[in-house]
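Peer 1: Use the sequences and the hints to build the structure in full.
2 protein chains.
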Amino acid sequence: MTLEALAKRLQELEAERDSYLADLQRVKAEFDNYRKRTARDQEALVARAHERLVFELLPILDDLGRALDAAEEHEEAKLEEGVRLVHRNLAEALRREGLEEIPVDGRFDPHVHEALLSQPSEEEEGAVIDVVQKGYKLGDKVLRPARVVVSSGNAD
Amino acid sequence: MTLEALAKRLQELEAERDSYLADLQRVKAEFDNYRKRTARDQEALVARAHERLVFELLPILDDLGRALDAAEEHEEAKLEEGVRLVHRNLAEALRREGLEEIPVDGRFDPHVHEALLSQPSEEEEGAVIDVVQKGYKLGDKVLRPARVVVSSGNAD
Chain A
91 MTLEALAKRL QELEAERDSY LADLQRVKAE FDNYRKRTAR DQEALVARAH
141 ERLVFELLPI LDDLGRALDA AEEHEEAKLE EGVRLVHRNL AEALRREGLE
191 EIPVDGRFDP HVHEALLSQP SEEEEGAVID VVQKGYKLGD KVLRPARVVV
241 SSGNAD
Chain B
91 MTLEALAKRL QELEAERDSY LADLQRVKAE FDNYRKRTAR DQEALVARAH
141 ERLVFELLPI LDDLGRALDA AEEHEEAKLE EGVRLVHRNL AEALRREGLE
191 EIPVDGRFDP HVHEALLSQP SEEEEGAVID VVQKGYKLGD KVLRPARVVV
241 SSGNAD
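For the protein sequence lines, the chains are A and B, in the order given.
Under the numbering used here, the very last position in the first sequence is 246; numbers go up by exactly one each time.
Under the numbering used here, the very last position in the second sequence is 246; numbers go up by exactly one each time.
Hints were generated in silico from the structure; no laboratory data involved.
This structure is a prediction, so every number in the text was calculated from the model and none was measured.
Hints may be right or wrong, so weigh each one.
Note that identical chains are pooled: a pair holds if it fits in a single copy or bridges any two copies.
[Unchecked claim] Straight-line Cα separation of at most 16 Å, EDC-like style, residue types lysine to aspartate or glutamate; simulated pairs: (1) 231 to 190; (2) 227 to 162; (3) 168 to 152; (4) 224 to 159; (5) 231 to 141; (6) 224 to 191; (7) 98 to 159; (8) 231 to 191; (9) 168 to 113; (10) 227 to 165; (11) 224 to 146; (12) 227 to 152; (13) 227 to 146; (14) 227 to 190; (15) 98 to 214.
Peer 2: This is the structure we're talking about:
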């Protein structure tokens, strides 16, 4: 290589090196900002998610307060109606969040049921014959298994 | 510069350039992975946050169901007791989420109160004299202003 060609190559290399260094510094700074923003975003995200659900529950708290007022006035019919309303509204609010009742009409399923007791019955062995506590799923996840009584088969 | 010195400088520069390029590629790959992981984390975070709150509300739904059973059996005392329990438990669950009742004992505050009506009273002008609907804050945020009646001063 001539001295001239070498000097030119040297200049090119310097330019390449400087360009990579500038890119590196830029990407590092972006990454850093992204990391900081993400931490802030996550807090805000959880806060907002909660805010919406808590806000939906306020009318339910109001209705319960009104039902209690009715109880104090001994307005039994109004109290009962209020409780029915609250129950329906809370169940609907939770359904909107994705809550689903676990079905109990059929055979015992260890993935979603918890057997509290097994007892003889007219139903075939392994059938769910009573529900002690309802079970619930949220999406794919079992939040709480249904607590059930299972048939151990014919008593004869 | 001698030819030899130039050649050596050229090698050094190549090494520097390659090292910056390698760093750049590594940081870019890390950034990319971080971005993907963050998106997954955020979904999981919101899901988990919701799960916990929904799970806390299940016993309240159960208690309401039991209160309704009591209503059907016309066990009025049990119904009233059940409603009182549900009201307390729901209020406590929401308090744990950071919900606070907005105080209404004092002067009208447009940041947290909504004046539905202004009417003459013995109280001084601008005092809150009645609450139509309770207001709530979640942390610093007003979820719902308290809807109040404000005194317009002495009726004389």
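Peer 1: Hint by hint, note whether the structure agrees.
Peer 2: Here is what the structure says about each hint:
no. : hint       : in the structure
1   : 231 to 190 : within (10 Å within a copy, 31 Å between copies)
2   : 227 to 162 : neither (36 Å within a copy, 28 Å between copies)
3   : 168 to 152 : within (14 Å within a copy, 21 Å between copies)
4   : 224 to 159 : between (29 Å within a copy, 14 Å between copies)
5   : 231 to 141 : between (23 Å within a copy, 9 Å between copies)
6   : 224 to 191 : within (7 Å within a copy, 32 Å between copies)
7   : 98 to 159  : neither (91 Å within a copy, 91 Å between copies)
8   : 231 to 191 : within (12 Å within a copy, 33 Å between copies)
9   : 168 to 113 : neither (71 Å within a copy, 72 Å between copies)
10  : 227 to 165 : neither (36 Å within a copy, 31 Å between copies)
11  : 224 to 146 : between (23 Å within a copy, 14 Å between copies)
12  : 227 to 152 : between (27 Å within a copy, 15 Å between copies)
13  : 227 to 146 : between (20 Å within a copy, 13 Å between copies)
14  : 227 to 190 : within (5 Å within a copy, 29 Å between copies)
15  : 98 to 214  : neither (90 Å within a copy, 88 Å between copies)
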